[in-house]
Amino acid sequence: MENLNSYLIVSAILFSIGTIGVLTRKNVIVIFMCVEMMLNAVNLTFVAFSRHLGNLDGQIFVFFIMTVAAAEAAVGLALIIAFFNNKQSIDVDDVNIMKW
Amino acid sequence: METLFFLIISLVAIVSAILVVTLKNPINSALSLIMTFFCLATYYVMLDAPFMAAVQVMVYAGAIMVLMVFTIMLLNIRVDASKKHSHKLILGSIIGFFTFLNAFFVIYRSRAALPTGPYSGEMIKSVGHTELVGREIFTNFLLPFEVTSILLLVAIIGAVILAKKKI
Amino acid sequence: MFENVWLIPLFPLIGFLINGLFGKKIKNEAIIGAIGTLAIFGSFVVSCLILMQMIGLPAEQRVFEKVLFPWIHCGNFKADMAFLLDPLSCIMIMVVTGVGTLIHLYSVGYMHGEEGFYRFFAYLNLFCMSMLLLVLGSNMLVMFIGWEGVGLCSYLLIGYYFHKKSAGDAAKKAFVMNRVGDFGFLIGLFTLYWWFGSNHNIWTINFTEIKAASHLLPYGGVVTVATLCFFVGATGKSAQIPLFTWLPDAMEGPTPVSALIHAATMVTAGVYMIGRMSFVFVKSPETMMVIAVVGAATAIFAATIGTAQNDIKRVLAYSTVSQLGFMFLAMGVGAFSAGIFHLMTHAFFKACLFLGSGSVIHSMHYALHKIHSHDDAQDMRNMGGLKSAMPITFITFLVSTIAIAGIPGFSGFFSKDEILWQAFSNPYHGNLNVVLWGIGAVAACFTAFYMFRLVFMTFYGQCRINSKAKEYLHESPFVITIPLMVLGTLAVLGGYLGMPKILGMLPNYFEHWLEPVFEMANEYGGKYAHHGAHPSHALEWGLMGLSVVIAVIGIGIAFTMYVKNTELPAKFVATFPGLHRAVYNKWYVDELYDFIFVNPCKALGQFLWKGFDVLVIDGVVNGVANVVMAFSGVFRYLQSGYIYNYAFSMALGVVVMLGYYIFK
Amino acid sequence: MSNVLSLTTFLPLLGVLLLLFIPKDSKGVLRNVTLAVTALTFAVSLLILNGFQTNAEFQFVENVPWIAAGPFMMRYNIGIDGISLWLVILTTFIMPIAVLSTYTAVEERVKEYMICLLLLETGMLGAFISLDLFLFYIFWEVMLIPMYFMIGIWGGKNKIYAAVKFFIYTMVGSLLMLVALVFLYFKGMEAGITDFGLLHFFTLKLDLATQIWLFLAFAFAFAIKVPMFPLHTWLPDAHTEAPTAGSVILAAVLLKMGTYGYVRFAIPLFPDAANKFAPLIATLAVIGIIYAALVAMVQEDVKKLVAYSSVAHLGFVMLGIFAFNVEGISGGMLQMLNHGISTGALFLIVGFIYERRHTRLITDFGGLSKQMPVFATIFMIVTFSSVGLPGTNGFVGEFLILLGAFESTLRWWTIVATSGVILSAVYMLWVFQRVMFGELDNPKNQKLADLNGREIAIMVPLIVMIFFMGLYPKPIIDKMEPAIKKLVSQVRVSTPVAQAQSIQPVVALPAEGQAPAPEAGGTHETSAPAASTPQGTTTAPAVNPHDAK
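Chains as they are written, first to last, in the working numbering: chain A, 937 to 1036; chain B, 1416 to 1582; chain C, 174 to 837; chain D, 5 to 553.
No wet-lab data here; the hints were simulated from the structure. Please note: incorrect hints may appear among the correct ones.
[Stated by the list, open to error] Only pairs whose alpha carbons sit at most 25 angstroms apart, straight line, appear in this in silico PhoX-like list of lysine-lysine: (1) C:LYS251 - D:LYS490; (2) B:LYS1503 - A:LYS1023; (3) C:LYS337 - D:LYS448; (4) C:LYS197 - D:LYS374; (5) D:LYS280 - D:LYS163.
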């Protein structure tokens, strides 16, 4: 078993990469995937802490996060499809009606 | 041995994560993401949480990613090489970097608390991880667990309504 | 009988309610008229009974107060719905119900066939009720109900022909001018109440209580303020300078209304009020002088205008204003009972004059209507020579005119001469007395002139009406002429109630009767009277003769100008065109008021609305909103609508905030 | 019986629940149910009237803990005294009338409209009965929202502007009040008060500077609601745009919140500051009277004219309240009720002709008397009630206000205010003349129908009240007088004059000695002149503290 910190570092790296992806990519689906990646990075932290503290609550939390992620995937992808049906595009540059 | 294994897995995870962000074709990104998820499952096993690993593979790598790939296929988007697939690279990278820096400093400057819970590695191994998680879920977390089912139901209905053109 | 005093206003109220609520359904004019007339007649009967009983009592017991129910009781303030019977209110209820009954009867004939016949009688009854409340009220507030109530009825009745714009305008003008007076009345009431309450802890507005405490009042000072305010109220109601212009306009109402409200009863309310509170008024020499001067000025001023009017009712209206001026002159010189006496005789002869003019108009209107002419039925230039067509009207009219002109033997002579004599001999105003007497005498001359001008133009000479219409002129029916005859008789005989002592044929019943009411006032007045030598009897005889001569001169001029030498008026007009125009246009007082009050008020209102409300206040309010809007107009561009921008700001925010806490 | 007050307040809310189960297309049922609920509420409120004891105490009190959040302890603390009693009755009385007036006026979104009306009623009643400052604040805000929707959804052409203006004006004031309220609470905590109960705060002694700031915050909030010059400009807009029932309620009840707020909160909580600001507020009130009257005179829109007349009437109310004596405040309270009745009736009248002609411009009318005699009669009665003719309700209130103000130090203000009586006659009669008198020359007016049975039924109760309150106001004054006397003593207790008075040695008889005490200031002794002749003149200046130079 490795040091807790190593897991946390990996998690931080993954989270940062996910952030960069969300901020820089144009494709909505890729952005969505990056969000999933960030969620997973957090999950890793949870599990690592759970193991470290000898408390299962963190893992239960991960379990719920996964449920939420599944729901999110379903709804999010449905939104993407709906958006695509309207605009024939999944580029975030084309999503700009939420303004003044 | 274990350290080496950890390092290799980490390397794979980070590289595939970078690939998710950088690859042009969303299909390729998705495949890389699956790779990352597998790496995470491996970590879970290393952390004595085999049930979580199983769920990770089934839900993420299996269900969610399949859904994504399906969507990508369904929308059938041509990758236009001439078009930029990303923007604001520098600003995004800086923010990402600082995110990492924040996290790193927290980890660097703080020390984790000592173990308090009853679930040590030996205990998990002797009783079984799945059993322990199951006990927790169906005793202490019963209500949230049941509520999740409603959440999923709502999500299903919502997805159907959103995606269908005419209801 | 005293206990049943509440019946007096109750009868007209019942009449009002029946006619007002169900009159439209009844439709039958006879029934409606009967209800209205009987209601007021019932009050008249009760009033007679009360008068009988009061005559039977010794003088010092002739005061009775009847509390009906508590009205406003609040803190120190207490006002009951209560009635006061004393010799003064007795006279007033007799006049109101008596003349009222006759006029109701007259109206049955006069208003025949008018649309809204029931409405007319309902209003008339309501008016009688209010007037009776006014004269019977035992405190200022009950009086004030009546005071404003008669104003309301006046408004309703002047505006009876509401489809005519002039009627509506006149009604409103009357009400608003009365309101100006009411403003004064209220302030006066407040002042008196506050002074008594704060200085002597007597919180009252009750007449008897104030009378009992009136010895505490100082001379002048606060009393002057209060009484002047009350007098403002009186000028509004009784059409004195400066608030007299509504009364001539009020002639837009039906003629019985003019007779009842604008001659016999309502307009005398101011005089009555001063009489009622004489013990307060007389404590302020300044106010008394103001009253006397205003009264005299009004008398002469209105009389001059009366000489140039062509509308028969307007002449009578200015005559009323002028006669009211005489009454105020009397009040102002402390001749209270003379003033009330003139009030009563004036009620008789002026009601008769108005009703007579109504009879003429009625006949003229009928005749003009028959030939489909649109000539003015009230314009004297269209009349003339009516004496043969309408003998009863003519005789009663002539009798009343003689009475008002002040020919000995008729009621007007006794009362007017008494006033003039008192004005001359009064001990209150020093050397002003001669001036007051002189003005009064000249006004009397004018009165005789324009009244006989009226008679001559209407009844004598050539008939100037369209010759085709001439044959339709007729004497009015009995229901109209009977009241005329009764009032004509009263106009002759009424004066004998109050014959001057000097004539010595009959005792002055009237003054004697009112003595208990005014004795306190006379006592207070005596404190500051100039105790000069009393004018001799010879002087009184002389002045009396002089006033007769003056009246005869007035009549003579009228006779010369309008019977003997009919071109004279036209010549006169040609010689003094400016003067005539000014007099004809009522000295431009209406225009002056429009210029000083009405138009500035409207302009100010417009300015405050469009200028202040909309520009300044709303400008500030909307300005604040606009500033916010302007800022948000700039800042809204931060909301680009691109999700990644929002994501950037969010991520940046999270990083910075976390960084702050971590690296701090 | 013990919680009849809560029952009255929340009955309309139950009605809302009931309405939710009625399909929105069955408009008739919706209207009838709402009418029944409001009528029932009125009936229940009569129980309160019946059980009310004539004394200065708060009655029907209910006091239970409600929210405890950190240092804040809010209680459900309600009760009424003579001051709020009549306002509660007025509210429940007006509501069925307002509902009845919407039967043909509102055809769209009937269900929502009725729900708004009922919510509004609960809000208004709640605000009148709250004895807990925080509870009051909540109800105060609750009222705002349905009214906002009523103007914004069912209003006229310029409804959004009017609704937003109304909302923001009121909101600005009430936020200031909220701040002051919290500040006051912390002040109270220092003195050991543990909740928002109004009665506790009455005992709180605050220094003058604090009082001034708190008073200003409260006064500002209430002044907007009254509305006092120069914060009145939301009112004409709101009234003009609001639907008839909205205008009626706005005029009849909502505006009373402002004046009620002064009487119940601003003045007794901060008596010294109130005394200090009395001349200023009286000045504004008097300006409001004259100003609104002049502006009303030149209005072209009948409804706007009535709205400005409201400003003038409420100026009278404010003047009466700040006279700080029994007559003035009673007059002010009466005038609140009178204004509710007569101005409410005026708005109904405007509503009637608007429904028929869809215009409110005065120039579009003329000569309606001929076509609509019943309407003319009713309009005239209401007009004269609004003008304050003796015998109608308007007079009693106005008279007592002016009398009270004249007795107090506000003498010169009173004289100016009294001239408002003249102006009110000018503008009301002028509009009456232009609408009702004259030739019936507009062809559109020649076919107008007179009032129908329902409309007459709406007006009859109002007219009965106009005459009842004008001719026999005694029961109303009697019920509120003890509470007002208590209020007067609260205001005067801290004035230096009153203190000097209680120190003054009493030489006279015991019976006489009580007279100078502020509580007994209201006793009326007709026998006083006879009994007090020896000391009468010497003690007289001390008898009336408000008369001090």
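Here's how the hints hold up against the structure:
1. Note on LYS251 (chain C) and LYS490 (chain D): the hinted pairing holds, with a Cα-Cα distance of about 20 angstroms set against a maximum of 25 angstroms.
2. Restraint check for LYS1503 (chain B) and LYS1023 (chain A): satisfied, since their Cα atoms lie roughly 23 angstroms apart, inside the 25 angstroms limit.
3. For the proposed pair LYS337 (chain C) and LYS448 (chain D), the alpha carbon gap of about 20 angstroms is at most 25 angstroms, so the pair holds.
4. Note on LYS197 (chain C) and LYS374 (chain D): the hinted pairing holds, with a Cα-Cα distance of about 13 angstroms set against a maximum of 25 angstroms.
5. At most 25 angstroms may separate the alpha-carbon atoms for a hinted pair to count; LYS280 (chain D) and LYS163 (chain D) exceed this at roughly 39 angstroms.
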